[in-house]
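Below, each chain spelled out in residue letters.
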Amino acid sequence: MAALSDSRLDPAQARVDVVLAAGQGWTHELTAGDVFRIVDLEGNQAVDTLFFNARDTAERYSATETMRAQGNIYLATGTALLSSEGRPLLTIAADTCGRHDTLGGACSAESNQVRYGLAKKSMHNCRDSFLLALARHGHGLTKRDLPSNINFFMNVPVTPKGALTFADGVSAPGRYVEMKAEMDVLVLISNCPQLNNPCNAYNPTPVRLLVWPES
Amino acid sequence: MSSSGGPEKTLVLAGGQAWSRRVRRRQVLRLTDDAGAACVSALLFNADDPLERYNMADTLKAQFTAYLTADRVLYSDMGRVLCSITRDTCGWHDTISGCGDGATSRLRFGAGRYQELRNDFHRNARDNFLVELGKHGLGRRDVVANVNFFVRVGVDDGGGLRWIARNSKAGALVELRFEMDTLVVLTNTPHPLDPKPTYGPPAVTLSLFEGPGPESDDPCRIFRAENERGFALTEAYVAERKGVL
Numbered sequence: 001m002a003a004l005s006d007s008r009l010d011p012a013q014a015r016v017d018v019v020l021a022a023g024q025g026w027t028h029e030l031t032a033g034d035v036f037r038i039v040d041l042e043g044n045q046a047v048d049t050l051f052f053n054a055r056d057t058a059e060r061y062s063a064t065e066t067m068r069a070q071g072n073i074y075l076a077t078g079t080a081l082l083s084s085e086g087r088p089l090l091t092i093a094a095d096t097c098g099r100h101d102t103l104g105g106a107c108s109a110e111s112n113q114v115r116y117g118l119a120k121k122s123m124h125n126c127r128d129s130f131l132l133a134l135a136r137h138g139h140g141l142t143k144r145d146l147p148s149n150i151n152f153f154m155n156v157p158v159t160p161k162g163a164l165t166f167a168d169g170v171s172a173p174g175r176y177v178e179m180k181a182e183m184d185v186l187v188l189i190s191n192c193p194q195l196n197n198p199c200n201a202y203n204p205t206p207v208r209l210l211v212w213p214e215s
Numbered sequence: 001m002s003s004s005g006g007p008e009k010t011l012v013l014a015g016g017q018a019w020s021r022r023v024r025r026r027q028v029l030r031l032t033d034d035a036g037a038a039c040v041s042a043l044l045f046n047a048d049d050p051l052e053r054y055n056m057a058d059t060l061k062a063q064f065t066a067y068l069t070a071d072r073v074l075y076s077d078m079g080r081v082l083c084s085i086t087r088d089t090c091g092w093h094d095t096i097s098g099c100g101d102g103a104t105s106r107l108r109f110g111a112g113r114y115q116e117l118r119n120d121f122h123r124n125a126r127d128n129f130l131v132e133l134g135k136h137g138l139g140r141r142d143v144v145a146n147v148n149f150f151v152r153v154g155v156d157d158g159g160g161l162r163w164i165a166r167n168s169k170a171g172a173l174v175e176l177r178f179e180m181d182t183l184v185v186l187t188n189t190p191h192p193l194d195p196k197p198t199y200g201p202p203a204v205t206l207s208l209f210e211g212p213g214p215e216s217d218d219p220c221r222i223f224r225a226e227n228e229r230g231f232a233l234t235e236a237y238v239a240e241r242k243g244v245l
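First to last, the sequence lines map onto chains A and B. Following my numbering, the residues of the first sequence are numbered contiguously, the last one being 215. Following my numbering, the residues of the second sequence are numbered contiguously, the last one being 245.
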């Protein structure tokens, strides 16, 4: 596990301070220099997240660029979250969890059918939240704009022999991750409603989202 | 001749080149690494609706794997099987480490411009993808996490990534049996983690032939219960496309 690091920013000074219930989507535009914090209020809650260059949304978060550039599959303090053009969208400045996933993707009605049973199509899922948030945001973003995402606070270990599992979380109540925007960034979040695996400890819970302007 | 005895279309994909075409359901595409140490990067789309495309995460988590080999399938983001890996003499194909671009190419091999090198210039995977996707009306929004055939990037206990040399020996081949009509986009260009200091991706051979469909006990279908459901969703979609109720 990566070294933990905390932040001195005061929530009372935040420009944005909202609680996002489980099963909800959210978009927000950050200005370069802003600091963005996600707090896992009750512990082990997966927060499915994508970032876009707000001025040119065809440039977006790339899981493969990010992992390859840092030579590691787990995201932690110091990780530059790279775009499809190899440029940093944000960097992780503080992290009290220690490991975040970017291999597991987002759940969808269809992937739930494959993974858990054809009758699971009706269950709420992250891609539905992404699609609704993008539709409400406007600007023409669609399913085409959903590449592999980040799952903050989620634990998807890979073994040297190439096995991959969704494991019990390593997060806990109050743990957070904080990022500095390196350009103007559109944030897209689904607070994950998955009930079929341990990614939310079988109990999806709210998260707190805070933004501070550049100090 | 193909392994099924029918006609076979073969072409050589030279180093640096890209290729795309529609491959129909039940056709088999064989990639052969003639010289060894190749890297063929791939993106796949539903040929009739490219909004549906290969999805790395759904492929990996449905099969509890971090790599691709025989008996595993490549899932789209719609829970369907684009193709099955019916034969693999290499043993490990990567899908977590992405592909190179102009910046990674210049860093390792120098400028490599057309102006000086003419048609030996250093083509890279991302630019090749964008050119080939552009021919189908697709572009930057469609470049998602890709497959790297013949490549192995290892993951250690701490999550560290490491290039595994000599993963693919001369003559290694992999066969993909398509379960849906699929737009296949390939580029034969260096992987950015390959430490080889000079630009010179080896040629690979592509063969396309008609194959039999999967039986009920097909190894890819029964690899996991997840795959049986993936095949069921795929077959329902194929019927829908044919206008069957």
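Derived from the structure by calculation, the hints contain no laboratory data. A hint or two may mislead.
Unchecked claim - With a straight-line Cα cutoff of 30 Å, these simulated DSS-like cross-link-like pairs (lysine-lysine) come out:
#1 A:K161 / A:K180
#2 B:K196 / B:K169
#3 A:K143 / A:K120
#4 B:K169 / A:K121
#5 A:K161 / B:K9
#6 B:K242 / B:K9
#7 A:K161 / B:K169
#8 B:K135 / B:K242
#9 B:K9 / B:K135
#10 B:K242 / A:K143
#11 B:K135 / A:K143
#12 A:K120 / B:K242
30 Å Cα cutoff - pair K135 (chain B), K143 (chain A): This hinted pair holds, its Cα atoms lying about 21 Å apart.
Pairwise hint evaluation, K135 (chain B) against K9 (chain B), where the allowed Cα distance is 30 Å at most: Judged against 30 Å, a Cα distance of about 22 Å means the pair holds.
Hint consistency between K161 (chain A) and K169 (chain B) [alpha-carbon to alpha-carbon, up to 30 Å]: Holds, at about 19 Å.
Hinted pair K120 (chain A) and K242 (chain B), Cα distance within 30 Å: Since the Cα atoms of K120 (chain A) and K242 (chain B) sit roughly 26 Å apart, the hinted pair holds (cutoff 30 Å).
30 Å Cα cutoff - pair K196 (chain B), K169 (chain B): holds, 16 Å
Pair hint outcome, K242 (chain B) versus K9 (chain B) [Cα-Cα no greater than 30 Å]: holds, 27 Å
Satisfaction of hint between K180 (chain A) and K161 (chain A), Cα-Cα up to 30 Å: With a Cα-Cα distance of about 35 Å, the restraint between K161 (chain A) and K180 (chain A) is violated, given a limit of 30 Å.
Restraint status (C-alpha distance of K169 (chain B) to K121 (chain A) at most 30 Å): violated, 43 Å
Agreement of K161 (chain A) and K9 (chain B) with the hint, judged by alpha carbon distance not exceeding 30 Å: Measuring from Cα to Cα gives roughly 36 Å; hence the hint is violated.
Distance restraint between K242 (chain B) and K143 (chain A), which requires alpha-carbon spacing of 30 Å or less: holds, 25 Å
Satisfaction of hint between K242 (chain B) and K135 (chain B), Cα-Cα up to 30 Å: Since the Cα atoms of K135 (chain B) and K242 (chain B) sit roughly 27 Å apart, the hinted pair holds (cutoff 30 Å).
Pairwise hint evaluation, K120 (chain A) against K143 (chain A), where the allowed Cα distance is 30 Å at most: It holds: about 21 Å lies between the C-alpha atoms, which stays within 30 Å.
Comparing the model with each numbered hint stated earlier shows that hints 1, 4 and 5 do not hold.
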